[in-house]
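Sequences are here, hints too, so could you generate the full structure?
Sequences listed follow chains A and B, in order. Numbering follows the numbering used here, in which position 360 of the first sequence is assigned residue number 397; successive positions increment by one, without gaps. Numbering follows the numbering used here, in which position 152 of the second sequence is assigned residue number 189; successive positions increment by one, without gaps.
Source of the hints: derived by calculation from the structure; they are not laboratory data. Fair warning: there could be bad hints in the mix.
Note that identical chains are pooled: a pair holds if it fits in a single copy or bridges any two copies.
What the hints assert, rightly or not - Listed next, the in silico DSS-like pairs over lysine-lysine satisfying Cα-Cα at most 25 Å (straight line):
#  : residue 1 : residue 2
1  : K43       : K133
2  : K43       : K134
3  : K140      : K210
4  : K267      : K43
5  : K308      : K71
6  : K397      : K168
7  : K179      : K168
8  : K100      : K395
9  : K42       : K267
10 : K100      : K238
11 : K42       : K271
12 : K42       : K133
13 : K43       : K138
14 : K330      : K140
15 : K356      : K100
Number of protein chains: 2
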Amino acid sequence: MDSKKKVTPAMFIGVRGEGIISFGSGQPDLPPPKAVYDILPEYSGFRYGLIQGQENLREALAKQYPRSTADSFVITNGASEALDLALRAIAWLHMKKGGGKPKCLLCRPYYYSYLPLVEYAGFEPVFTDLKEGRIVYEDFEKKVIDCTAVLINSPSNPTGRVEAIETLQAIEKITEEHGVYVLSDEVYKDLIYVRENYLIKGPHVVTINSFSKTFAMTGLRVGYLWSLDKELVKMVIEMKSHTSMNTSIIAQEMAYTATTVPKHYIDEQLKIWESRRDMIYTGMVALGLDLWKPEGAFYVLPKIEQPRDFVWDMFHDYKVITYLGEWFGAPDRVRFSYALDVDKIEEGLSRVKQYLQKRKK
Amino acid sequence: MDSKKKVTPAMFIGVRGEGIISFGSGQPDLPPPKAVYDILPEYSGFRYGLIQGQENLREALAKQYPRSTADSFVITNGASEALDLALRAIAWLHMKKGGGKPKCLLCRPYYYSYLPLVEYAGFEPVFTDLKEGRIVYEDFEKKVIDCTAVLINSPSNPTGRVEAIETLQAIEKITEEHGVYVLSDEVYKDLIYVRENYLIKGPHVVTINSFSKTFAMTGLRVGYLWSLDKELVKMVIEMKSHTSMNTSIIAQEMAYTATTVPKHYIDEQLKIWESRRDMIYTGMVALGLDLWKPEGAFYVLPKIEQPRDFVWDMFHDYKVITYLGEWFGAPDRVRFSYALDVDKIEEGLSRVKQYLQKRKK
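Here it is in structure tokens:
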């Protein structure tokens, strides 16, 4: 039965329809700040932009990051391209210096794109298993020292967990000592329920970020990377000049406008996310599911028996999209994004309940 | 002296300034059709789009290509990303089938991104030298049969030449016989002065195209690939779901609008390009330069003595941007894009004349 029930993320991304409730892609349902669209009626750009990104946008970002200038940023087609380019540039520099096949450490469960991105870029993946959704430092330390790069993601998609500041500081120390590149994917930095974001520091740290989650601009595709490693930033720009050139200038101008929106906007959003988090967490506990309480981002990753059947049947019989835990390296779990209106979360949970009750019989 | 005079394309892309005349990047100076901006005041999209690209855009394209449906297209961040993804997907499929390091044939001089893209994707580049800017089929045939892929570019950037239809048909035949992937970069298909474009056919042909040149939308970054090779299209979509996700939805909507513009627009553009072509070609012949007459696209590639000094000095002393032939595999030449107003072409040529006269003394 399993073999027929083949589902992939690409099947679900961008899929919408009557009656479908999607706990699938990590897509805010609320629109971006209105100001983002205010520039459009007068917009007339069409020429190539700088490969590194528009200056106004990079200068606005430089104010948000310590010890940085506009030169420390590269604007990309979403965080995805920032990750892809950073990994490719690291692997390329490693090879040019005569290194063998590089290794990249992944914290498992991981965001489903990490494994293919690491492999496409030519790395051998190495895994450290999270415990209760968080890094076990002893295992991490043992493995990271043999790696060229490591990918950190706090708050984590899919676990919803936030790493302890002490863990992040220990990671800064060990990776700096061993010259390991740290890719810190912080796209959920503004969606943390438990504390302020902690920005990882270090000479070979690459911070990945985006306008997609904070400002609900997923489809517009504006992300960026930030690094004080000049050699790496230069290599990323050189690569991007061939692989995609500038990020769409109109989307960059919209992202720039988002940086001018008062912080109040983000605080309001966070309250909404927190109430949704409470609802889905409480609801799932009531269904008897085993899951971690999210501290950031907008995902839960409950244990589900026969998860392939669950994801297939929920989609085909109940019009509910969920993502298979095995895509994230968590084969006994299913990921739910709660980037949904509370009414839809409630309806979705009720359909899950029906299915689970039917299954028991 | 040469070692100090280090110039790279990334130094010039997007660079504009008072008094600078840029024969650098291939950037139409005339704006896109007005209709492209008419959608903006009402635009409100923000959600993820389909990874493969918006349906309206792919359906419009399907009407322009024989035997195709919307499924044969993937919309990308410009032709650059289409090339990058196609090369990576071909190399990936080749490796998964147990192949060794794949080879890719390049026709030299080539567009300057081809060599890095081929190398980044893990291919060993193989070269066939053009004669008078066109393929020498005997040499091409001998080399292509040992390659996994070949890159064709007619009209060519940087030579401005258009391949004979007989040559393209012979390439179709030999590559189909030997199962070689053909990447046909046809971004200048609507800018041919000598005949209609000839679309290469074959089961493993990937046609690369873009809205950048035809509709002057370079900075907006919308390109696409078209192929009847379903396995390859599927792999490209899978890769793109990780490396950049959908192409910016607002830029895609603008590109869709461009497809609705009457063909009249393209015909008018072509007349303008042809008059510029005549002016720069005649002007350079009058300067005693050795060059090929362009049959398409908007580049000339004259022979220039001490080309590194020329490019450096023209930029620093005469505010004229030109591109070094060695970036294109043509070390004794310099590339000029004539995507400029005739007044600027005239002024630029006059500065070149001054410099060359001064140099003679």
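Now for the hints, and whether the structure bears them out:
no.: 1; hint: K43 / K133; verdict: between (40 Å within a copy, 20 Å between copies)
no.: 2; hint: K43 / K134; verdict: between (42 Å within a copy, 22 Å between copies)
no.: 3; hint: K140 / K210; verdict: within (19 Å within a copy, 42 Å between copies)
no.: 4; hint: K267 / K43; verdict: between (44 Å within a copy, 18 Å between copies)
no.: 5; hint: K308 / K71; verdict: within (19 Å within a copy, 42 Å between copies)
no.: 6; hint: K397 / K168; verdict: neither (29 Å within a copy, 74 Å between copies)
no.: 7; hint: K179 / K168; verdict: within (16 Å within a copy, 58 Å between copies)
no.: 8; hint: K100 / K395; verdict: neither (54 Å within a copy, 48 Å between copies)
no.: 9; hint: K42 / K267; verdict: between (47 Å within a copy, 21 Å between copies)
no.: 10; hint: K100 / K238; verdict: within (16 Å within a copy, 52 Å between copies)
no.: 11; hint: K42 / K271; verdict: between (45 Å within a copy, 19 Å between copies)
no.: 12; hint: K42 / K133; verdict: between (43 Å within a copy, 24 Å between copies)
no.: 13; hint: K43 / K138; verdict: neither (32 Å within a copy, 31 Å between copies)
no.: 14; hint: K330 / K140; verdict: neither (32 Å within a copy, 50 Å between copies)
no.: 15; hint: K356 / K100; verdict: neither (44 Å within a copy, 33 Å between copies)
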